[in-house]
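Protein chains in written order, with numbering that gives the first Met the number 0: chain A, 0 to 190; chain B, 0 to 243.
These are computed hints drawn from the structure, not numbers from a lab. Honestly, I wouldn't trust all of these hints.
Said to hold, decoys possible - Here are the simulated EDC-like pairs of lysine to aspartate or glutamate, each with C-alpha atoms no more than 20 Å apart in a straight line:
no.: 1; chain 1: A; residue 1: Lys167; chain 2: B; residue 2: Asp221
no.: 2; chain 1: B; residue 1: Lys190; chain 2: B; residue 2: Glu30
no.: 3; chain 1: A; residue 1: Lys131; chain 2: B; residue 2: Glu57
no.: 4; chain 1: A; residue 1: Lys64; chain 2: A; residue 2: Glu12
no.: 5; chain 1: A; residue 1: Lys131; chain 2: B; residue 2: Glu103
no.: 6; chain 1: A; residue 1: Lys131; chain 2: B; residue 2: Asp174
no.: 7; chain 1: A; residue 1: Lys64; chain 2: A; residue 2: Glu47
no.: 8; chain 1: B; residue 1: Lys190; chain 2: A; residue 2: Asp111
no.: 9; chain 1: B; residue 1: Lys190; chain 2: B; residue 2: Asp174
no.: 10; chain 1: A; residue 1: Lys131; chain 2: A; residue 2: Asp111
no.: 11; chain 1: B; residue 1: Lys190; chain 2: B; residue 2: Asp209
no.: 12; chain 1: B; residue 1: Lys190; chain 2: A; residue 2: Glu132
no.: 13; chain 1: B; residue 1: Lys118; chain 2: B; residue 2: Glu103
no.: 14; chain 1: A; residue 1: Lys97; chain 2: A; residue 2: Asp111
no.: 15; chain 1: B; residue 1: Lys78; chain 2: B; residue 2: Glu103
no.: 16; chain 1: B; residue 1: Lys78; chain 2: B; residue 2: Glu62
no.: 17; chain 1: A; residue 1: Lys167; chain 2: A; residue 2: Asp111
no.: 18; chain 1: B; residue 1: Lys117; chain 2: B; residue 2: Glu128
no.: 19; chain 1: A; residue 1: Lys22; chain 2: A; residue 2: Asp138
no.: 20; chain 1: A; residue 1: Lys167; chain 2: B; residue 2: Asp66
no.: 21; chain 1: B; residue 1: Lys78; chain 2: B; residue 2: Glu56
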Amino acid sequence: MSVRHAILALLSEGPKYGLQLQKEFESSTGEVWPLNIGQVYTTLQRLERDGLVESDEAENEGTQKGFHITDAGSTELSSWLNTPPDMTSPPRDELVIKVLSALRVPGVSVHDVIQVHRRYLIELMQQWTRLKEDEADFDLTFALVVDAELFRLDSVVRWLDTADGRLKRAASEPSVASTGPRLGRRLVVRR
Amino acid sequence: MSFLELRRVSKSYGAGAAEVHAIQDVELSVECGALVAVMGPSGSGKSTLLTIAGSLEEPTSGEVVIDGESLQTMTRNDKSRLRRRTIGYVFQDFNLLAGLTAVENVALPLELDGHSAKKAHAAGMGALEELGLADRATHYPDQLSGGERQRISIARAVVGERRLLLADEPSGALDSTNGEAVMRMILGACKQGVAAVVVTHDAQLASWADRVVFLRDGRVVDQTVPPPSPEALLEESSRSGPRQ
Ligand SMILES: Nc1ncnc2c1ncn2[C@@H]1O[C@H](COP(=O)(O)OP(=O)(O)O)[C@@H](O)[C@H]1O
Ligand SMILES: [Mg+2]
């Protein structure tokens, strides 16, 4: 979640005050991510420095400063919305490393290690799903955030399931069971 | 009180070298109003577990107790009455009868149980209405979408005074929106006191359950512990906060 661009998005609706931006940021993320007012003002300062927003002169001492988005800000926002986030890097996340490592440790069942993580993920998903149960107080932005979490966790569970199955098959067909490094094989992903 | 209990249930198919232990020493207890999901890879014994719990098959050893009564001591007639009245079964392929309309499909178990056609039809309409499917009542299965067919088959499984709902991969090939609708229906039945067991390999569906039981090679290898309140989750996610 880029706070910077989320604030640009809120300003694209019209000029706003800092406090208003804080409130709207929180409600636009389904209240899942709180944002303190200090973070809002530091972000606004940086956006102003980069020419992406401008502040309106406060009419008199003590009143709040309003902010509006500049043309450069709108261009930046539109390009950010349409730029896919970097998902090309090979998976190097901790869970993958744990499972790969479990394969090398004598006396450790990789299936048991996989199950520990699978159960943890499902328990986490149960908690997120519980939030969906009561449709009445389930607003749209919140629904989108909860779905995103569920799909993210789900994809990890599916990877674990697939790994589990692949390892089981490999164990019963020793010819493909090699877990040693393949010479010259590197995961190369173009950027 | 637990409504369904499996006590050290095992089931083997075949004999000698060809013997397959489909499930082994399975212990499972499902309370009234509880939704339990059973997860496991293909071939891990999920369907076997469910057909035995539904009295459609006999275990090789062990005991199944439904509503305090052991299936072992029941006559054939007792068991078929149990299947008509108490157990609702949702099959993976929906199993709606092609020659009957949606409401006729839903009313069928009641008619088989000796209710008058009129009474069964009224109860069937009631179930469809409750599930928001009343406008599909006179459609035939081939005039319904996959999601609608599945929801009709769940309506059929909960119509009347069913107290145990057994569903085998109830989302089949449904997309996640329909999968969610199916789970909401099952959860709705549980809120009214029905005990439910849902077999699935889909983590998102399983996460609707109060408890998830994991099967591997016919054995229960693990199960979830009851989650803390959702508030705890939100606090945790707030603490990690948004990335800058
Ligand atoms: N009627 C049967 N005859 C022989 N083997 C069977 C029969 N039903 C299931 N099995 C075997 O029992 C095991 C468990 O099957 P099943 O319960 O269908 O698993 P799942 O539903 O998890 O895919 C599998 O190895 C399967 O081949
Ligand atoms: Mg099956």
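Open item on the list: With the threshold set at 20 Å, check whether the alpha-carbon distance from Lys190(B) to Asp209(B) stays at or below it.
Closed with: The hint holds at about 12 Å.
Open item on the list: Between the alpha carbons of Lys78(B) and Glu56(B), is the straight-line distance 20 Å or under?
Closed with: It holds: about 11 Å lies between the C-alpha atoms, which stays within 20 Å.
Open item on the list: For Lys118(B) and Glu103(B), compute the direct alpha-carbon distance and say whether it is at most 20 Å.
Closed with: holds (12 Å)
Task: 20 Å Cα cutoff - pair Lys167(A), Asp221(B) - done: holds (18 Å)
TODO: Please work out if Lys78(B) and Glu62(B) have their alpha carbons no farther apart than 20 Å.
DONE: holds (14 Å)
Open item on the list: Between the alpha carbons of Lys190(B) and Glu30(B), is the straight-line distance 20 Å or under?
Closed with: Holds: Lys190(B) and Glu30(B) sit about 12 Å apart, inside 20 Å.
Open item on the list: Does Asp111(A) sit within 20 Å of Lys167(A), going by the straight-line distance between their CA atoms?
Closed with: holds (12 Å)
Open item on the list: Checking one constraint from the list: CA of Lys64(A) to CA of Glu12(A), max 20 Å. Satisfied?
Closed with: holds (17 Å)
Open item on the list: Run the distance test for Lys131(A) versus Asp111(A): straight-line Cα separation, threshold 20 Å.
Closed with: Between Lys131(A) and Asp111(A) the Cα gap is close to 30 Å, so the pair fails against 20 Å, i.e. violated.
Open item on the list: With the threshold set at 20 Å, check whether the alpha-carbon distance from Lys97(A) to Asp111(A) stays at or below it.
Closed with: holds (12 Å)
Task: Restraint status (C-alpha distance of Lys64(A) to Glu47(A) at most 20 Å) - done: Given pair Lys64(A), Glu47(A) holds - Cα atoms ~13 Å apart, limit 20 Å.
Task: Given pair status - Asp111(A), Lys190(B), alpha carbons within 20 Å - done: Given that 20 Å is the threshold and the Cα spacing comes to 34 Å, the pair is violated.
Of the numbered hints listed earlier, those contradicted by the structure are 3, 5, 8, 9, 10, 15 and 20.
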